[in-house]
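Sequences are here, hints too, so could you generate the full structure?
As you go down the protein sequences, you meet chains A and B in turn. For the first sequence, position 76 (counting from the first letter as 1) is numbered 76 according to our numbering, and the numbering increases by one without interruption. For the second sequence, position 19 (counting from the first letter as 1) is numbered 19 according to our numbering, and the numbering increases by one without interruption.
Computed beta-carbon distance windows for the label pairs:
| # | chain 1 | residue 1 | chain 2 | residue 2 | range |
| --- | --- | --- | --- | --- | --- |
| 1 | B | 183 | A | 3 | 42 to 52 Å |
| 2 | A | 100 | B | 301 | 21 to 31 Å |
| 3 | B | 254 | A | 70 | 32 to 42 Å |
| 4 | B | 271 | A | 45 | 23 to 33 Å |
| 5 | A | 55 | B | 198 | 26 to 36 Å |
| 6 | A | 59 | B | 30 | 51 to 61 Å |
| 7 | B | 225 | A | 45 | 33 to 43 Å |
| 8 | A | 70 | B | 329 | 27 to 37 Å |
Hint data in this document are derived by calculation from the structure and do not stem from the laboratory. The structure presented is a predicted model; accordingly, all values stated were derived computationally and were not measured. A virtual CB, placed ideally from N, CA and C, is assigned to each residue, including glycine.
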Amino acid sequence: MTASTLLLRQVNPSWLQHGRITSQVFKPTPKDNERLSVYDGDQISPERSWGHYTTTLGHVSVGVMAVTVAECDARRLPVEPDPTPFPAHAVIRFDGFSNSQKEKSAKYLKRAAENRGWQYRADATG
Amino acid sequence: MSIERFLYPRLKGPRFEDRAIPLEFLRDLAVLEEMVVELAKLEFLRDNPNRKRSPKGFTEGIELKLTAIEDGSARPIISLVVASTALFPLNHQTFFERARDNIVKAIAAAENSLPVTGYLPEKTLTYFDRIGRSLRDGEAIEFTTPTSQEAAKLTKETRRRLVLASSRAQGMTEDTTIRGCVPEADQENMSFEVRLLDGTKVKGDIAPQHLDTIRDAWNGYSTGTRVLIQGIGRFNRNERLQALESIEHICLLDPLDVPARLEELRSLRDGWLEGQGLAPPSEGLDWLSHAFDRNYPEDLPLPFLYPTEEGGIQAEWSLGPNEVSLEIDLKSHTSDWHKLNVETDTDESRSLHLDNQSEWKDMVGWIRDMNGGEE
Numbered sequence: 001m002t003a004s005t006l007l008l009r010q011v012n013p014s015w016l017q018h019g020r021i022t023s024q025v026f027k028p029t030p031k032d033n034e035r036l037s038v039y040d041g042d043q044i045s046p047e048r049s050w051g052h053y054t055t056t057l058g059h060v061s062v063g064v065m066a067v068t069v070a071e072c073d074a075r076r077l078p079v080e081p082d083p084t085p086f087p088a089h090a091v092i093r094f095d096g097f098s099n100s101q102k103e104k105s106a107k108y109l110k111r112a113a114e115n116r117g118w119q120y121r122a123d124a125t126g
Numbered sequence: 001m002s003i004e005r006f007l008y009p010r011l012k013g014p015r016f017e018d019r020a021i022p023l024e025f026l027r028d029l030a031v032l033e034e035m036v037v038e039l040a041k042l043e044f045l046r047d048n049p050n051r052k053r054s055p056k057g058f059t060e061g062i063e064l065k066l067t068a069i070e071d072g073s074a075r076p077i078i079s080l081v082v083a084s085t086a087l088f089p090l091n092h093q094t095f096f097e098r099a100r101d102n103i104v105k106a107i108a109a110a111e112n113s114l115p116v117t118g119y120l121p122e123k124t125l126t127y128f129d130r131i132g133r134s135l136r137d138g139e140a141i142e143f144t145t146p147t148s149q150e151a152a153k154l155t156k157e158t159r160r161r162l163v164l165a166s167s168r169a170q171g172m173t174e175d176t177t178i179r180g181c182v183p184e185a186d187q188e189n190m191s192f193e194v195r196l197l198d199g200t201k202v203k204g205d206i207a208p209q210h211l212d213t214i215r216d217a218w219n220g221y222s223t224g225t226r227v228l229i230q231g232i233g234r235f236n237r238n239e240r241l242q243a244l245e246s247i248e249h250i251c252l253l254d255p256l257d258v259p260a261r262l263e264e265l266r267s268l269r270d271g272w273l274e275g276q277g278l279a280p281p282s283e284g285l286d287w288l289s290h291a292f293d294r295n296y297p298e299d300l301p302l303p304f305l306y307p308t309e310e311g312g313i314q315a316e317w318s319l320g321p322n323e324v325s326l327e328i329d330l331k332s333h334t335s336d337w338h339k340l341n342v343e344t345d346t347d348e349s350r351s352l353h354l355d356n357q358s359e360w361k362d363m364v365g366w367i368r369d370m371n372g373g374e375e
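Structure, rendered in structure tokens:
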């Protein structure tokens with residue numbers, strides 16, 4: 001991974017309203033154990049990551065948004081490969097962040113992803 | 001002419017304070033007259049079993065009229081007005097009084113979950129489909145008569161028991177407010193279909209004055225345009241909306257309409273987020289919908305609303321350089337406010353209790369300031 005590597009995040013249908021995603025897309029939830037799962041964009045395309053997520057893993061996603069490793073570095077969020085679940089899996093680590101620090105970082109990452117735009121859209125509605 | 005106090009129901013509820021009666025309620029009183037007349041005829045036939053019908057002109061010269069409205073929540077005074085005692089034999093008046101008394105006794109029986117058909121023939125119970133239809137939760141019409149001062153309360157629930165006590169009733173009509181989109185409109189037959197947010201489809205007729213709005217909603221179907229419809233709905237015995245009987249108001253909704261979005265999120269089930277993720281509790285969604293309605297001004301930008309993994313709701317606003325979130329716990333009604341200004345890199349966090357109106361006022365003030373400060 002390099003600074004410009006895209007970190008691909010799947011978007012749950014309920015986390016998209018009228019074309020806008022929630023900052024929760026980039027904030028670890030309790031199930032994430034402080035580590036936000038992403039696809040390493042150097043290893044898999046946005047469309048193929050969506051196919052893996054919805055078909056192999058059986059989850060639902062309306063599309064793929066992305067931030068870069070550099071944008072995570074700017075928020076002091078380490079990014080590291082975590083190929084155990086599958087080879088292209090990586091994590092953005094929020095360990096040691098308070099809830100407000102996580103909120104702040106998630107909002108920055110959401111803005112960066114929005115500015116970059118959809119990397120893949122499963123359909124045009126929502 | 002003689003004028004005699006006949007029935008003086010007391011209307012209970014905030015809408016009826018200060019002797020005010022919504023005009024829509026007068027329709028209910030008009031149906032009450034129809035019912036009294038029909039029952040008076042049946043009382044006459046009961047006393048005269050050899051007759052097949054009531055005498056010609058049985059009701060001529062007699063009317064029920066609203067003659068006053070008294071204090072004490074609103075209390076319409078309905079009087080029996082007899083134009084001429086020559087046209088209206090005095091003993092006929094007793095049939096009207098018995099009809100009235102039986103209506104009140106049937107309401108009292110329904111209130112106490114007792115059988116009602118001992119007081120009213122089954123076929124006449126359907127009148128209650130149109131009496132009290134505009135009653136809302138917490139409202140009641142209390143009936144007393146000169147012979148019984150104990151109030152019999154007609155509420156949404158007692159009305160339902162009265163209507164459904166008739167085996168002929170397939171369901172009942174009720175005032176209803178729905179939100180949905182319009183996938184179909186047939187201008188030739190002037191009918192249309194609304195798809196509710198839970199996916200149910202119901203049909204209704206298009207009144208000429210609503211045609212433009214329905215056409216706009218149909219044109220905007222693919223982009224998610226929704227409408228708010230207020231009118232009379234026909235419900236089956238399981239309280240499922242079957243059709244729109246009439247429409248009073250229809251308007252296009254803001255794409256971020258809060259009740260519509262919360263209704264949409266009501267369809268989530270546990271496991272919605274990667275097999276985890278709790279569904280927001282239904283009563284919590286009702287509470288939040290009402291809380292926004294009561295406390296959030298119409299002139300401010302509406303929030304985007306998303307579910308949280310723990311079964312809560314997160315409201316978000318993007319206001320210039322500010323990214324704002326309010327994570328709401330639907331059970332405790334507490335919330336966490338977080339605001340980030342990306343230009344100054346400053347953020348602030350607060351806890352707000354959303355049962356506290358002053359905390360809503362604080363929040364509204366902050367949003368207003370970020371939105372330009374104009375009130």
